[in-house]
Amino acid sequence: MSDHASHSSGAGHVSPISLYITIFAALMVLTAVTVGAAFVDLGQFNFSVAMLIAGFKASLVVWYFMHVKYQSHLTKLTLATGMFFLAILLGMMLIDYTSKDFTAMPKGTDPTSEMGAPAAH
Amino acid sequence: MSSTVANADHGHAHAHAHHPALQHHFDTMAQQKEAAVIGMWVFLLTEILFFGGLFVAYMIYRIWYFDAFAEASRSLSLFWGGLNTAVLIGSSLTMAMAVRGAQTNKRKATVNWLILTMILGAVFLGVKVIEYADKFEHHHVPGPSFVWAAEHEAPAAGAAPAEHRQLSLTPEQLQQTTQLYFSLYFTMTGLHALHMIIGIGIMLVITWMAHKGRFDEQYFTPVEMAGLYWHFVDIVWIFLFPLLYLVERHT
Amino acid sequence: MTIFGIPIFPEQASTFAKDVDALYFFILATCAFFAIGVSVAVVWLGIKYHKTHDGQIGARIEGNLPLELLWSVIPTIIAMFMFGWGASVYYHLRRPPDEALHLYAVGKQWMWKFQHLEGQREINELHIPAGRPVKITISSEDVLHSLYFPAFRTKMDAIPGRYTELWFEAKDPGVYHIFCTEYCGTNHAGMIGNVTVLEPAAYQAWLQGGGMEGTLAQRGAKLFNDLACQTCHLDTGTGRGPSLKDLMGRTETMADGSTVVVDEAYLRESILNSQAKIVKGFQPLMPTFQGLVSEENLVALIEHVKSMSPNATTVAAPTPAAPESGAATAGKPAEKK
Amino acid sequence: MLDKLKMPERHYLNNGHGLKSWLLTKDHKRIAIMYLISISVMFLLGGLFAMGIRLELATPQGDFVQADTYNKFFTMHGVIMVFFFLIPSIPAVLGNFMIPPMIGAKDLAFPRINLLSLYIYWIGGIFTLAAMVTGGVDTGWTFYTPYSASASNTHIIPTALGIFIAGFSSILTGLNFIVTIHRMRAPGMGWFRLPLFVWAHYATSLVQVLGTPVIAITIVMLGVERAFGFGIFDPARGGDPVLFQHLFWFYSHPAVYIMILPALGVMSELVSTFSKKMIFGYSFVAFSSLAIAVFGFIVWAHHMFVAGISTYAAMVFSFLSFSVAIPSAVKVFNWTATLYKGAISFETPMLYAYGFMGLFLIGGLTGLFLATLGMDIHLHDTYFVVAHFHYIMVGGAIMGYMGGLHYWWPKMTGRMYSEFFSRIAAILVFVGFNLTFFPQFVVGYLGMPRRYHSYPDEMQLLNVMSSAGASVLGLGYLLPVIYLLWSLKKGAVAGPNPYGASTLEWQTQSPPLTENFLEVPEVTGEPYEYEHVVAKESHLV
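Residue numbers (this note's numbering), protein chains in the order written: chain A, 1 to 121; chain B, 1 to 251; chain C, 1 to 337; chain D, 1 to 541.
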């Protein structure tokens, strides 16, 4: 069994309370930021910004609240596997749905505007 | 049953007296705990793909019917949604504190933090009930009685002139495609709420176990597993909030 | 083709049937080579190295890297070749020639309804001329169906709410099967029919025989009046709606500044979801006809509008993905502002 | 020698008696036995429906049953065989029983979850069977929308619920295997000392864990559409019925690998054991399992080439589909090479292995026809497809299952079955199978569509051949029930290692102790080393 990494016996890594408070504060601030960003017209980037912030918040929760930072490589690998296959599910679905107009896209329209971001008005 | 051979393999301290929570087919508490952690993460992996299927449907229809999604999203209350996000993040904090209490073998702290987490979870569900009731009132529940009334305006988007938005969508189309949005809204938030109810149920059991003193710093796996699950439910909401409430708020 | 009275091969009744069959025989030969090769090897090894006494064990051979690479790379190359050939045949199958005769098919539980531009309507029967490409635009009134002509080696699903299309060119006169291959309920197996391929002259005669209701476009013109479309869509361009004269294939500018090339999918969308795309300079006044016009009448209306554009050769996007294009646009009325 | 072998005094079967000792057991072996009984019942049911289908198709007119009844027959045949037989077959029975002893563990990592997965499987089965008795379901096992969402008025929700529930059983089994293989290996049992059966199950578990939740959520979406009138796939409300197909096949294509990968693992064991030779190219065979599992997730739209997907998407998915062919080919070539200079004997499991090779070859190679775009347009949804996937699922997965069951039967029960009858059964299955399904390739190329209750007259002869073959096949499957049950009482005592196999599960007594081994074994050598195996050949040669 060569693949188990730095786990400590017993209680595992005990994070200081101050860290938890900091993460909590960061999550609250980011929530406010994501609401604020939604009211600013960023054109195609509203969606990307919202997802980036959500992704960052999720990473904070995973990394600190869920202790992945202190877990074995195997745990990290499991998480990465999940992300990878989620990306396959979402990404490969788009192959069909964004190429419906692949060769017949009327000129002057931007195919990338279909990628989820609202078309600029 | 010889565990000495296996011990040599693990190469770390082995409790000489077997812990009462050690199951017969494991050699050490560490092996047992690691198995549980990996098992939980593999379970969360399936949960990621479970919600992933919903996100696919959401993504396709959001691309197709962006305006309807934006319009329907504006009818959701940002106040309740934002409040719930804060409540759920707060409950993640209290959950992390509960696990910390178990790690440091503070029974009372663990129990209290767990109870606080459950209360916050219940608050979230209560707010969800208020929101759902509002949807019923406005006939925003998909099905035969679904009505998308043009005069309904979300308070936050009141500034936008109505005719501006009506330029691109007829009432018939809104009726049709906002319904799709609400189908997804109810499926997504409904499944999320179901996960929370299950989570609260699990926590009830674990709080009782903690109260009875079943855990110590060697063995608190159930608390940790419940924590992982609860944080995952929180993460799902972290994505659902912008996807459902914040489709397009700036017009 | 039959062997001992067993039919083993369908007629090659379309121009590309032989292409598909050539591909079939190539894959068949490749597969037979590997299947027979491995089977013979396995049986021969089984006999040659049969265990002769108790306690005998095999030689210690762990593997052989060059061999592994060889039998990974060679199948890869063959597979890539197969893909390329298959893709080129597919591209041909999905690309109707411009001069193709245009028909409509509507699937409904449990029948195929065909409409000719000249006005003939048939159920579970289809008459087409030999030696001329035929393009069929397919839709469905209820659930999924799939229009399949085994003798022509082509099929396409009928999807409610979308147009799909297929084409073929029948070679010889004869009668061939039409099947529905997408399971559609109780009488799925009864959703079959015959396609009768006629000599061009016989086809013309057949066309004369039917058509009591006039051509499809004429029927559309009548609907155009019945539904009062002509009260707004004046040919002069001074009506409340845009003129539909010479519309097909034109690039129209919408109220939001975007442009749309007028094709069948656009017309379909404009009738069913009339306010999805508003031409610049007009008010969104037109009522929606969703649920008021059947699929059959819809194609008649579209044909009528097309007949008002005598100079437009074909739909605006003569590309292989045109069916998908139509499908996608029809399915997402509200995308652009 | 035969007389000297005695059944061990203490083993998992006599460690506790009575119903309660079974229903509340945490022993993976007892759970496996209960799975074996459950899936056998399901197999019988599914088989009866298959017989109904073949009887109907013996004549072209559709005169044996009504069209509606026929539609329910093939739907229930598909649902039962796919979700309640094939998916749990090898993993839940043979994997469940053999993985812990193969890696030198006392049990799976989560014995209670293992038992839970069995109960979940039962609950799912009850829902589906209840739907069946109260009138059945007629959508085909694919549940395509909008037919399933609105047009059909049969019992779709209970059936779908049953599949949804059974899915969790599959997920929990996979989860248990993954953690067990990672964390429960005996000292010295490194990844490259694992038997290939374990590798195959590791790959299978990945697919179960990653794919099954997607079908679960798809069923939820279908369910809310049907039950509450939500319109997620409804074209009348702007939904896309093709999206259902995308989501459905995202799981259901990889699900094929849930069925076939464990059979490939069984094959590796059989080929090695019965040629007394280590597997040629061990690491290639091991990694090809993982490759098949991963590639399986990126090819799903090849089920949808005529479903209205874009030309571009069709090209991409066709291209990717060929990627699965390569690791499959690598496996077949490596097994062939393993036979070279072996010491080959043809006990019943090896007969199944040989049969598997032939049928899997045909099944896999005909997959190339369907992955090729220009070809698939003609073949899609015809009997060619039916024949192809039966060659994989019956010719592959069930041959592997039967081979594995015969191979490990002496380990599971401690007794040998009749070698004579089992060989006859193996030959009957092989012959009957080919007679049933080979004509379907021909009739498929002729253009006979799937799920047809009646068909044109000229296709009758081929269909009659197929129906005749089905009866032979049915006989071949019934025969083992008789001699295997017979062996429980009257079979010769097998001894710990009747085939002289090399893997760890044969190093303990048959049937094993509840804790599998008296002492945790320490693994020192490579897998499949026959030099050190103490062969107890017994009466077999």
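A couple of the hints might just be wrong.
[Stated by the list, open to error] Pairwise CB distance ranges, derived in the manner of DEER restraints:
hint, chain 1, residue 1, chain 2, residue 2, range
1, B, H138, A, M28, 26 to 32 Å
2, D, G18, A, M28, 43 to 49 Å
3, B, R107, A, V33, 57 to 63 Å
4, C, K113, B, F136, 51 to 57 Å
5, D, K489, A, W63, 28 to 34 Å
6, A, M28, D, A227, 37 to 43 Å
If you're looking for bench data, these hints aren't it; they were derived computationally from the structure. Bear in mind that the values here come from a model prediction, so they are computed numbers and not experimental data. Even glycine gets a Cβ: it sits at the ideal position worked out from N, Cα and C.
Structure-based check of all given hints:
1. Look at H138 (chain B) against M28 (chain A): about 30 Å separates their beta carbons, and that is inside 26 to 32 Å.
2. Restraint check, G18 (chain D) to M28 (chain A): a C-beta distance of roughly 58 Å breaks the suggested window 43 to 49 Å.
3. Roughly 38 Å separates the CB atoms of R107 (chain B) and V33 (chain A), a value that falls outside the hinted 57 to 63 Å.
4. Range check, K113 (chain C) to F136 (chain B): Cβ separation about 42 Å, and the 51 to 57 Å hint is violated.
5. The given range of 28 to 34 Å is broken by K489 (chain D) and W63 (chain A), whose C-beta atoms sit roughly 60 Å from each other.
6. Look at M28 (chain A) against A227 (chain D): about 38 Å separates their beta carbons, and that is inside 37 to 43 Å.
Hints 2, 3, 4, 5 from the earlier list are contradicted by this structure; the remaining hints agree with it.
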